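The task is simple: from the sequences and hints, build the whole structure.
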Amino acid sequence: MKVLIVDDEAEICKHLQRELRKEGYEVDYTTKSVGVPEELKGAKRKGKGYDLLLLDLRMPEVGGFKILKEIREARLDLDVIIITGYGDEDKAIKAIRLGAIDYLRKPISLEELNTTIFRIRQRRAGEEKKTLKHRVLVVDDEKDLCARIKRELDKEGYEVAVAYDGVEGLEYFKNNRVDAVIADIKMPMIDGLEMLEKCRAINPDFVPIIITGFGDHEKAITALRLDVFEYLRKPISLEELISMVDKGIGLIESRRGFSARKRELEIEATLKLQYAERIEREKKFSDTIIDTIPESLLVLDSDLRLKRANRTFYETFQTEPEEVMGSSIADILHGNDGRFVTKLTRLFGTEDVLENFVLHYQSEKLGERIFKITARGLLIAEEEEEEEEEELVVIEDITERKLAEDKVKEAHRLRENFLKETSHRIITPVTIIGGYIDLLLDSSNLDDAQKERIRTIREKNEEIQKLVKDALAGNYLKEEGDG
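According to the working numbering, the sequence shown is numbered sequentially starting from 290.
Calculated directly from the structure, the hints in this document are not laboratory data.
Being a predicted model, the structure only gives us computed values, none of them experimental.
By construction, the Cβ of each residue, glycine as well, lies at the ideal position given by its N, Cα and C atoms.
There is no bait here: all hints are sound.
The calculated BS3-like cross-link candidates involving lysine-lysine, where the alpha carbons are at most 30 Å apart (straight line), are:
#	residue 1	residue 2
1	K333	K355
2	K330	K419
3	K395	K330
4	K335	K355
5	K418	K291
6	K422	K432
7	K383	K572
8	K337	K418
9	K698	K654
10	K698	K709
11	K536	K418
12	K758	K740
13	K383	K358
14	K291	K337
15	K696	K654
16	K561	K380
17	K303	K330
18	K691	K709
19	K536	K439
20	K487	K422
Pair ranges (Cβ atoms, derived):
#	residue 1	residue 2	range
21	E542	N464	16 to 24 Å
22	D620	E553	45 to 53 Å
23	A558	D592	32 to 40 Å
24	D592	G415	43 to 51 Å
25	G415	E612	56 to 64 Å
26	R594	K395	52 to 60 Å
27	E350	A490	36 to 44 Å
28	K691	R594	26 to 34 Å
29	G388	E689	52 to 60 Å
30	G446	E312	12 to 20 Å
Structure, rendered in structure tokens:
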């Protein structure tokens with residue numbers, strides 16, 4: 290596995306590089322975030338692509354989120370583990386939604402890192418239909434015995450390393466990942482039990498097996514009490530040893546698998562919790578918006594029973610949720626206008642919309658009200674790919690508007706009647722006056738000055754007639770414009 294570490298703290302990079310190299314991985318690092326996606330792409334083009342990226346979210350130049358997005362857009366086939374500081378868990382979970390496999394908090398726990406890498410190796414081995422390789426360290430001062438054990442374990446597919454004393458074995462353990470240690474109790478410099486204790490202090494994630502000689506029975510019992518997996522007496526049975534190694538490796542794999550699955554469940558639970566919290570926030574936000582709408586909004590089930598309503602509905606109908614939730618719309622409207630319920634029933638299974646239905650409502654609590662109703666059917670996706678039919682009903686109280694419109698119409702009617710009556714009463718005498726004026730002007734008994742005055746009277750009389758006709762005509766135009 291080829292690994293790239295990206296973190297602006299050089300000490301963290303060096304520490305992780307050192308530990309991961311023990312696992313046998315090829316590890317590079319950089320403290321600069323600029324150009325990381327290009328570096329990954331370039332390595333892939335050369336056939337030396339990275340398998341794993343350890344990426345710090347907080348970088349001074351280019352943030353981890355931007356790098357992660359560019360990696361996903363480039364479709365680079367590598368796993369990403371996020372490195373995050375205290376208090377950045379929410380950001381780390383966001384990174385997982387963007388494709389990261391896991392996150393590690395600073396200071397980084399090597400146990401957690403190994404668990405996450407085990408998950409990656411396990412998944413990749415499954416995809417490639419391969420088994421994970423396990424490394425066994427054999428420590429014994431009998432070189433012939435070491436060679437025999439190595440030869441048999443090699444046949445079983447294990448990677449086997451050999452050391453001939455406790456110091457050499459301990460040094461190898463420090464610098465390499467080891468899954469099982471087979472050690473003789475009696476060895477020069479450091480005996481097997483002391484070496485295993487020191488190995489456990491470095492990394493407890495391995496299977497310790499003790500080989501005992503004649504007279505070491507008491508030490509073997511002590512080893513078992515010290516959590517050694519098993520012991521074998523010399524001369525050892527290689528068949529028994531291989532069986533013991535297989536059982537130990539199976540046990541440690543189960544333990545690692547349990548830790549990996551536990552971590553997966555932790556991440557899954559955190560994602561679900563955050564998703565539920567986000568849904569709850571969005572629901573509260575949408576509820577707030579819905580509750581500010583001035584019309585009553587109702588959601589009915591397929592039996593026309595109330596499933597949900599906004600605040601305006603409860604205020605308009607002067608009721609509470611516990612009084613009407615689950616009630617049929619017919620009961621809520623007290624049987625007013627059965628045509629409305631029939632029309633709602635016909636909407637199910639169609640794309641029709643009921644628009645501008647005027648309902649005259651009456652109850653003891655509200656008195657007489659007038660509602661304008663719009664409704665349409667809805668299909669709501671439920672679990673197991675089933676769909677449930679619902680209806681959205683919008684009820685607008687137009688009582689006051691209707692009363693205002695009626696008052697305006699009544700005012701228009703009164704004005705029209707007034708103008709007609711007034712014009713009739715004025716136009717008749719004015720017309721008669723006009724006739725007498727014409728008679729006077731035809732008389733020869735008037736001098737020019739008198740005729741001029743009478744002509745002025747006729748002009749004023751004609752102006753009065755025109756005013757009356759214009760007023761009446763204006764009223765009709767107003768009426769047409771309003772309609």
